[in-house]
Amino acid sequence: MAVVTIARTGGSGGEEIGKAVAQKLGYEYIGKNMILKGVEVRGEQWLEWGKQLDEHGPSPWERFDRSFTGFVSLVESCIYGFALENNKVITGRGGNFLLKDVPFALRTYITAPVEERIRRVSDREHVNMETARRMIGFSDHERSSYLHTVYHRDGADPEDYDMVFNTGSLSVDEVARQILDEIPAREKQATPEAQEKLRQLALAARIKADILTDFQVFIPTLEVVHDGEAIVIQGVAHSLKQQERVLEIARRAAGTDRIRSLLNLRGA
Amino acid sequence: MAIVTISRECGAGGEEIGREVARKLKYEYVSKSTIYRDIEKHGEQWLKWGMELDDHAPSIWERYDRSFAGYVSLLEHCIYELALKNNVVILGRGGNWLLQEIPYALRVRIIAPMEDRIRLVSDREGVNREAAEKILRFSDHERSIFLKKAYHRDWSHPDDYDMTFNTSHLGRDEVVKLILDEIPARDKQITPEAQERLRQLALAARVNSDIRTDFHVFIPTLEVVHDGTAIVLRGVSRDLKQQGRVLEIARRSAGATGIRSELHVRGT
Numbered sequence: 001m002a003v004v005t006i007a008r009t010g011g012s013g014g015e016e017i018g019k020a021v022a023q024k025l026g027y028e029y030i031g032k033n034m035i036l037k038g039v040e041v042r043g044e045q046w047l048e049w050g051k052q053l054d055e056h057g058p059s060p061w062e063r064f065d066r067s068f069t070g071f072v073s074l075v076e077s078c079i080y081g082f083a084l085e086n087n088k089v090i091t092g093r094g095g096n097f098l099l100k101d102v103p104f105a106l107r108t109y110i111t112a113p114v115e116e117r118i119r120r121v122s123d124r125e126h127v128n129m130e131t132a133r134r135m136i137g138f139s140d141h142e143r144s145s146y147l148h149t150v151y152h153r154d155g156a157d158p159e160d161y162d163m164v165f166n167t168g169s170l171s172v173d174e175v176a177r178q179i180l181d182e183i184p185a186r187e188k189q190a191t192p193e194a195q196e197k198l199r200q201l202a203l204a205a206r207i208k209a210d211i212l213t214d215f216q217v218f219i220p221t222l223e224v225v226h227d228g229e230a231i232v233i234q235g236v237a238h239s240l241k242q243q244e245r246v247l248e249i250a251r252r253a254a255g256t257d258r259i260r261s262l263l264n265l266r267g268a
Numbered sequence: 001m002a003i004v005t006i007s008r009e010c011g012a013g014g015e016e017i018g019r020e021v022a023r024k025l026k027y028e029y030v031s032k033s034t035i036y037r038d039i040e041k042h043g044e045q046w047l048k049w050g051m052e053l054d055d056h057a058p059s060i061w062e063r064y065d066r067s068f069a070g071y072v073s074l075l076e077h078c079i080y081e082l083a084l085k086n087n088v089v090i091l092g093r094g095g096n097w098l099l100q101e102i103p104y105a106l107r108v109r110i111i112a113p114m115e116d117r118i119r120l121v122s123d124r125e126g127v128n129r130e131a132a133e134k135i136l137r138f139s140d141h142e143r144s145i146f147l148k149k150a151y152h153r154d155w156s157h158p159d160d161y162d163m164t165f166n167t168s169h170l171g172r173d174e175v176v177k178l179i180l181d182e183i184p185a186r187d188k189q190i191t192p193e194a195q196e197r198l199r200q201l202a203l204a205a206r207v208n209s210d211i212r213t214d215f216h217v218f219i220p221t222l223e224v225v226h227d228g229t230a231i232v233l234r235g236v237s238r239d240l241k242q243q244g245r246v247l248e249i250a251r252r253s254a255g256a257t258g259i260r261s262e263l264h265v266r267g268t
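Chains A and B supply the protein sequences, listed in that same order.
Going by our numbering, the residue at position 264 of the first sequence is 264; the numbering climbs one at a time, nothing skipped.
Going by our numbering, the residue at position 169 of the second sequence is 169; the numbering climbs one at a time, nothing skipped.
Next up, chain A with everything else stripped away, as it sits in the complex (with noise of 0.2 Å):
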C-alpha cells in the first residue's frame, strides 16, 4: 500500500530497479507506455503531442503553448491517479515534486558517476563512447530541463528525494532490496489523513488538466489546488462565458468537493 517514485539519470540502471522493485512487490510499473495510455484518454491529439512532449525540455515556445502545459497537466493528473490506486512504482516525470506531501510515498533517485553511465550505455546500445556520452548528455539535459521548467528544481538535487543511490558502486540488487527494505515503514505512513491528502491533491490535479486540455478555454495562468476544505481555482479568465465554462469543469470533475472560485475577470 505505498508508491515509490524513481527518478533516474540515463545509464545508472533506474528503470532496471525499477522494474524490479515492482516485480518483487507485485506493483504495477509505470513508465513512459502507462503514462502515454493515460494521456491518451483525453484524446489521440495529445498523445501524440505526448510523444514528443514526454520527458522532452520544451523550447521557448513550447512553454508557453498550450499543447505543453496540457500535456504537463496531463501527466501530472495521471501519476495522481496512479498513486492513488497506491502499489505503483512511478519512474520519472517529476512524481517526487508531485508526491512530496504524501508519506506514503518514497522518493528516490538513482544515479552514477558520468563516466560509468557512458560505459553502461555503450555496451547495452552497442555504440562507441563517444556517441553514448552524446546520448546520455542529451537524455540527462532533457530531462532536467523539463523538470527546472514545470518544478523550478534541478532534479539532482538529494534534497528532493528520501534516498539516493550512487550504482557506480551499488548493485542494482543491493539498491533494489534496499527500497524494498523501506516499503514496510512507508506502508505505515498511508494513514486515513495521509490518504485523504493524496485524493485532494489529485482532484485538483484532475480539474486542473481538464480546464488546460479544453479546446473552448485557453486560461495559462491558471491555478488549481486543493486547501483541505475546497478546490480553489485562480487565473485570469478573458471573459465571463470563459470563466464560466472554467466553473462548470471545474464543478462536474469536483464532485461533492466545494469549489471556491480566486478567478479575476481581465479589465475587471
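Any given hint might turn out to be false.
According to the in silico footprint, chain A covers these stretches of chain B (three or more CB under 8 Å from chain A) [claimed, not checked]:
(1) 98 to 112
(2) 176 to 182
Over the 12 Å line for every Cβ pair with chain A, so calculated as not near, a few chain B residues [claimed, not checked]:
(3) S67
(4) T191
(5) K241
(6) V265
By construction, these hints were calculated from the structure, which means they are not laboratory data.
Backbone N, C-alpha and C define an ideal beta-carbon position, used for all residues, glycine too.
Got chain A sorted already, so can you dock chain B onto it with the hints?
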C-alpha cells in the same frame, strides 16, 4: 569487517544514526574526540591547531599556511589508520572521499530539510528558532568550505556517496536498518586486492603527513600517491637540500616500499 563513513548536514541526525549503527554492528564509532586523541599523539600543538582548524573554513592566509596543510594531512593519516583496523563507523571529515576506492567502505550521507534541522538543533542545544537557524547556516557554510578546500568537491554530490538518506520522511531507526542491511554486501567486497589498496593509500597518507608536519620542510605543492608499485612524490622543492630532506623523511616512513621521486627543484 566493513567500514562505514557517515557524512551529514548538521541537525539531520547523522551522529545518532552513526552511533546506533556502530553499536548494533559492534564497530568502533570514530568521531571528533577519537581523532583528536590520535592527532595529539603527534604533538600537542597539532591538537591545539586541530581544535581551531577542524570543520573551519580556512581564511586565505591559513589555506596556504603550513598549519592548515599539515593538519589536513595529519587528519587523513589518522583516518586511514583507523580504517585499516576495519569495523569502524567514521563520522565526517571527508571520510567518503578518502575511502572512495575501497569497495568495502559504505559511504553514507544524511540530509534533512532546513526546517527539520532547525527543530532538532533548537531542541538539542536548548536555543530558540532564530539562534538555531544561525548556528546551522554558520555550520553548513564552514563545513562545506572546509571540505571544498581540502577535497575540492561539493559536499552533497550523489557521485561521492553510495547512499543518501533524507531524514524528513525516514525515521532514524529506518535509516539505521537500511545501513545495516547493506553491510553483508559490503563485506563480500573485502578482497585481498581491496585491502592491499587501502594499505597503499594509508602508507601514502603517512608519508605525506610525516613530510608536511616536519618543521624543517615547507613544500606546499607536495603530492604523495601510491601508484600500485611504489610511493610517488610530486611537487616543487626550493633547492637540492630541501629535496634531499623530503626524500629522507619519505624513505624512513615508507619502510620497505620503494620511493619514486618526480620532485622538481625550483629553477632547474
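In rising order, the numbers of the hints this structure does not comply with: Per hint list: zero violations.
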